[in-house]
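Engineer: The sequence shown: position 96 = 259 (our numbering), numbered continuously.
By construction, these hints were calculated from the structure, which means they are not laboratory data.
These figures come from a predicted structure and were not determined experimentally.
We treat Cβ as the ideally placed atom computed from N, Cα and C, and that holds for glycine.
Mixed in with the good hints, there may be bad ones.
Simulated DEER-style distance windows between Cβ atoms [claimed, not checked]: (1) Arg272 x Leu211: 41 to 51 Å; (2) Glu266 x Lys295: 15 to 25 Å; (3) Gly293 x Ala220: 32 to 42 Å; (4) Lys300 x Thr221: 30 to 40 Å; (5) Lys261 x Ile325: 29 to 39 Å; (6) Lys238 x Thr263: 15 to 25 Å; (7) Asn228 x Glu310: 16 to 26 Å; (8) Ala205 x Gln236: 42 to 52 Å; (9) Arg272 x Lys233: 33 to 43 Å; (10) Arg270 x Gln236: 27 to 37 Å; (11) Gln282 x Arg207: 23 to 33 Å; (12) Lys261 x Ala205: 43 to 53 Å; (13) Ile256 x Val196: 47 to 57 Å.
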Amino acid sequence: EREKYWNAKDVYAEKFGDTDDMTGAGNKVSFSVYIRKILSRALRIVLLLVAAVALLATEEYLRSNYILAKMSQKKRYVYKVRQALKILDSLGIHRPDKETLTEYRSRVRLELPGDIPLQFMEEYEMLLYGNKQVDGKMWEVLLRENEELLGILQERKRFRYIIYKLFGR
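Using the sequences and the hints, build the whole thing.
Structural biologist: As structure tokens, then:
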């Protein structure tokens, strides 16, 4: 039986190289198996991360819609204004605590391209400090300007735009 083993080993060695060291075909096979294992694990990790992000984004979206449905019209408006201010913050236009909304609006208009009037800030200030009630025109202005700000965020900072779209609502 030993003779059969050594003869088989010699025949294998002639076809595929020496069997005692890990060079030749045996090494190539084991290396490709090793690479496949690594790629398989990496793919599993990536798929797990994608699934986790999708689950978190869905949960955030459903929770925010549920919360918005329970709010009064004024609170919903304030929530949407804060989203617009968060977009400005994502653009890198931060509002210090000491700055009023009017001062912030003037500064933002200088830093943004185009001629976005940012009328929602003026109406928000009147809602906070005046006697103004939320109406349909205020909503139109807010939603239009919010979309314009999102467009600018998408152009300037694509990654922050994606993060905002996933988790900013």
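Engineer: For each hint, tell me whether it holds in the structure or not.
Structural biologist: Cross-check of the supplied hints:
Separation of arginine 272 from leucine 211 is about 44 Å and conforms to the stated range, judged on CB atoms against 41 to 51 Å. Taking the beta carbon of each, glutamate 266 and lysine 295 are about 20 Å apart, inside 15 to 25 Å as hinted. In this structure, glycine 293 and alanine 220 meet the distance hint of 32 to 42 Å, their C-beta atoms being roughly 37 Å apart. A beta carbon spacing of about 33 Å between lysine 300 and threonine 221 agrees with the range 30 to 40 Å that was offered as a hint.
A C-beta distance of roughly 32 Å is found between lysine 261 and isoleucine 325, which places it inside the suggested range of 29 to 39 Å. The given range of 15 to 25 Å is respected by lysine 238 and threonine 263, whose C-beta atoms sit roughly 22 Å from each other. For the hinted restraint 16 to 26 Å between asparagine 228 and glutamate 310, the CB-CB distance of approximately 18 Å keeps it satisfied. In this structure the hint that alanine 205 and glutamine 236 lie 42 to 52 Å apart at CB holds, the actual value being about 49 Å.
The given range of 33 to 43 Å is respected by arginine 272 and lysine 233, whose C-beta atoms sit roughly 34 Å from each other. In this structure the supplied range 27 to 37 Å holds for arginine 270 paired with glutamine 236, their Cβ-Cβ distance being about 29 Å. About 50 Å separates the C-beta atoms of glutamine 282 and arginine 207, a value inconsistent with the hinted range of 23 to 33 Å. The beta-carbon spacing between lysine 261 and alanine 205, approximately 49 Å, falls within the hinted interval of 43 to 53 Å.
Separated by about 53 Å at the C-beta atoms, isoleucine 256 and valine 196 satisfy the suggested range of 47 to 57 Å.
Checked against the numbered hints listed earlier, the structure breaks hint 11 alone; every other hint is satisfied.
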